[in-house]
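So the protein sequences, as listed, match chains C and S.
So our numbering is basically just the index in the first sequence, starting at one, shifted up by 218.
So our numbering is basically just the index in the second sequence, starting at one, shifted up by 218.
Among the hints, a few may not be true.
In this list, chains with the same sequence are indistinguishable; a pair is considered to hold if it fits within one copy or across any two.
Stated by the list, open to error - Dumping the calculated BS3-like pairs for lysine-lysine here, alpha-carbon to alpha-carbon at most 25 Å:
| id | residue 1 | residue 2 |
| --- | --- | --- |
| 1 | Lys-491 | Lys-440 |
| 2 | Lys-564 | Lys-258 |
| 3 | Lys-375 | Lys-404 |
| 4 | Lys-416 | Lys-375 |
| 5 | Lys-223 | Lys-395 |
| 6 | Lys-416 | Lys-273 |
| 7 | Lys-375 | Lys-258 |
| 8 | Lys-491 | Lys-564 |
| 9 | Lys-223 | Lys-440 |
| 10 | Lys-564 | Lys-325 |
| 11 | Lys-273 | Lys-440 |
No lab work stands behind these hints, which were simulated from the structure alone.
2 protein chains.
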Amino acid sequence: MDWEKIQETLDSLMEQKRHGQLRGALMMINPVDIAEYMKKLDRENLLLLFRILPKDISAEVFSYMDSDQRETLVESIGDKEITALINEMFVDDAVDFLEELPANAVKRVLQNTAPQTRAIINQFLQYPENSAGSLMTIEYCEFSPEMNVRDALRTIKETGVDKETVYTLYLVDQRRKLVGTVPLHKALVVPEDTPLIKLVDPSLISVSTLDDQEVVADTVRKYHMLSIPVVDGEGRMVGIITSDDIMDVIEEENTEDFEKMSGLAPAEEPYFKTGLFKLAGNRLPWLLILMLTSIFSGAIIARFESVLAMNILLSASIPMLMDSGGNCGQQASTLMIRGLALGEVKFGDLTRVLWTEVRVGVLVGLVLSAVTFVRLLLLNQAAVDLALVISVSLLATVILAKGIGCTLPLLAQRIGLDPALAASPLITTLVDASSLLIYFSIATEFIL
Amino acid sequence: MDWEKIQETLDSLMEQKRHGQLRGALMMINPVDIAEYMKKLDRENLLLLFRILPKDISAEVFSYMDSDQRETLVESIGDKEITALINEMFVDDAVDFLEELPANAVKRVLQNTAPQTRAIINQFLQYPENSAGSLMTIEYCEFSPEMNVRDALRTIKETGVDKETVYTLYLVDQRRKLVGTVPLHKALVVPEDTPLIKLVDPSLISVSTLDDQEVVADTVRKYHMLSIPVVDGEGRMVGIITSDDIMDVIEEENTEDFEKMSGLAPAEEPYFKTGLFKLAGNRLPWLLILMLTSIFSGAIIARFESVLAMNILLSASIPMLMDSGGNCGQQASTLMIRGLALGEVKFGDLTRVLWTEVRVGVLVGLVLSAVTFVRLLLLNQAAVDLALVISVSLLATVILAKGIGCTLPLLAQRIGLDPALAASPLITTLVDASSLLIYFSIATEFIL
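Let the sequences and hints guide you as you build the complete structure.
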């Protein structure tokens, strides 16, 4: 059934107030789609639908809802219902949700949860944002290394563990140290009396609670894992992170890089959820900085007024020089930023990269200058010396831009800054100023 | 054990030619790390190590190796060994590898594989690049809807299915149509005589062989799936795609967007694997186009020579205007490109987006213009009318840049182009030309 049809059916059931049928219909739909459908409901219908939802999926639907819809719901339902919801949610989802609530609401809600849940949630709330600890879930299967396959399968059946978790068996010793992992598929194809310890994966890969989510994502991606165990400072197992959450991390990190490369402060909410002043505020800092630095380029132009006055082609070529320089720099920096993000390039490669980029700059610059030289002679009837000055300046600008463009992101990474921050807008300004200086120096030398 | 220590141990075992111990050591290391270690080996040692590898992991290690290392290996080992390797690999990895080989080598290799494997691989080689068909693997568990849990677990144990595949049971009817999926964890917690059909997930989500990998990635991410079934045009089950492969797709799509936004032709290989001429060739087309379009900006400057001659501040403000316009446009376009990629914004939102961006432009522009106005009066001792002309031009440029920046990516998407292609370099050029026109019009009006 397609999405249009699903919506229509739900719409008409809502309208006719056929709540029994509606409940049945909702059981057949993916919780992600239910959350999607709820987006267009008003407060009253939202609450109605949410209360009709079968209890076992309402927590999951809740965890997929927009933050402002959750807010609407939370305002409308009582503390008791919220607490029930939280007890039903995966801990990581519950923590995400609580982080959105105002502090006093969190306190009120937590007072009503079971003491054990409360302790765990409080622990979670203390992990730094974007750390492995704040991402992980505690719903995983823990087994003693002494168990065999039969014991393990019986434990799974008895505890009825949840889906986030069952596909890797984590072996934990008496001091809760993680000693190894067994992929469930291995346990399913051997005789039932095989000790789990015999099936352990030879290489044990884990992350620490304080590791940044970027490290977690890189590790999971590198080793093609479905989930990764999280251990505390003493190597004790405390949770797992599953690959579906990693996908969201990857997109989040990429969005942040896109934003930084365009001189935007990272937004925490999707575009339409962000207020006008926040949207403007995210853009202003870099725009101001870059506007002020571009005054240098202006000052250079003012300083060489007399040179510019000699021939209008000298002024008219400024946009071409500045744009080409900016574009060349941005190309090089983008390649570096992606290379760093994907682990293909590192700071130690600087000289190798620089040498490559300078040669690429020469190749690209020669083509661009040749085209410009011919264009100036044929279309603009420029004198040969003038055409030469402009073309040679362009060549020098392109080479310089490639050099600056590849160096800055690597340097930024080296001194602990985000390479994406050193990207295009800043590079454009640097390249602008230096290309103008080159331009006027050459012009002064050869025309005056 | 950390990576440094692993390398040292392997290095010394290689040097001392302790091949038995080396083989033992390799069994303890993750195949991803073995492939990583092999990167630094020369041809001879590469071949040696590869032949020492236990057979059951050599295919996996091979699938993680660099393309040029695979080439080296393939040149050194015989067709028979290659064929054995291919028979051992997952079909999707084997196809990836074969796609890199020259056509006659593929033919030679395929002649030696089992007829059944050959037929499957040939089928795969016909799927379009980046389609679901080319991504999928055929190693998955297929069950008849009549089976119960006991039958299913017995089948798994008997066929010894591999890890890519076991965590979702795919129910396929006699005409090979996919009728439903059962998450393995559900089967493990119910009595063994429960019919599989009772455990089927209510919503069946699949993709078609010809769907683009971006669609696949979006679906898997949206529904938090570990794997997704792939069906052919008639709804028959033909394969699955697992979430670890989806992560690579997500990064690939992001890299492509980064490249396009910076005016780069998408590279197929990592930076250091790409030849100098290819690197230059990927950058030249857009640089040439953008250089030629920036001549328009130059022509506008030349046309208003007389205006510029009146006051050097008019020339000196050009970089500030052009840079601010370019940066504002890029900010807006980046937000749109990300919004489109993540499904948060669509073409139908154009008027809403435009209205938001124009208001953001007014807010941001007022701040920038105010700073500029004060700066011109205090630092540059500009006349009030001149300062006003420049500040008002800046305000108009910022608003226009926001408008162009948000509109182009949405329009591009609408007419079936990649929105990332419409991004910063093109927008910069457009904004440059129009901001200069605004600037000179205002200047002509109010100063002359």
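Hint check:
1. Lys-491 - Lys-440: between (33 Å within a copy, 19 Å between copies)
2. Lys-564 - Lys-258: between (47 Å within a copy, 16 Å between copies)
3. Lys-375 - Lys-404: For Lys-375 and Lys-404, both the intra-copy (17 Å) and inter-copy (9 Å) Cα distances are at most 25 Å.
4. Lys-416 - Lys-375: both (22 Å within a copy, 17 Å between copies)
5. Lys-223 - Lys-395: The answer is between: 22 Å across copies meets 25 Å, while 51 Å in one copy does not.
6. Lys-416 - Lys-273: Answer is between; shortest inter-copy Cα gap is 20 Å, intra-copy 40 Å.
7. Lys-375 - Lys-258: neither (40 Å within a copy, 47 Å between copies)
8. Lys-491 - Lys-564: Intra 36 Å, inter 15 Å, cutoff 25 Å: inter-copy only.
9. Lys-223 - Lys-440: Between. Shortest inter-copy distance 19 Å satisfies the 25 Å Cα cut-off; intra-copy 40 Å does not.
10. Lys-564 - Lys-325: neither (45 Å within a copy, 39 Å between copies)
11. Lys-273 - Lys-440: between (38 Å within a copy, 22 Å between copies)
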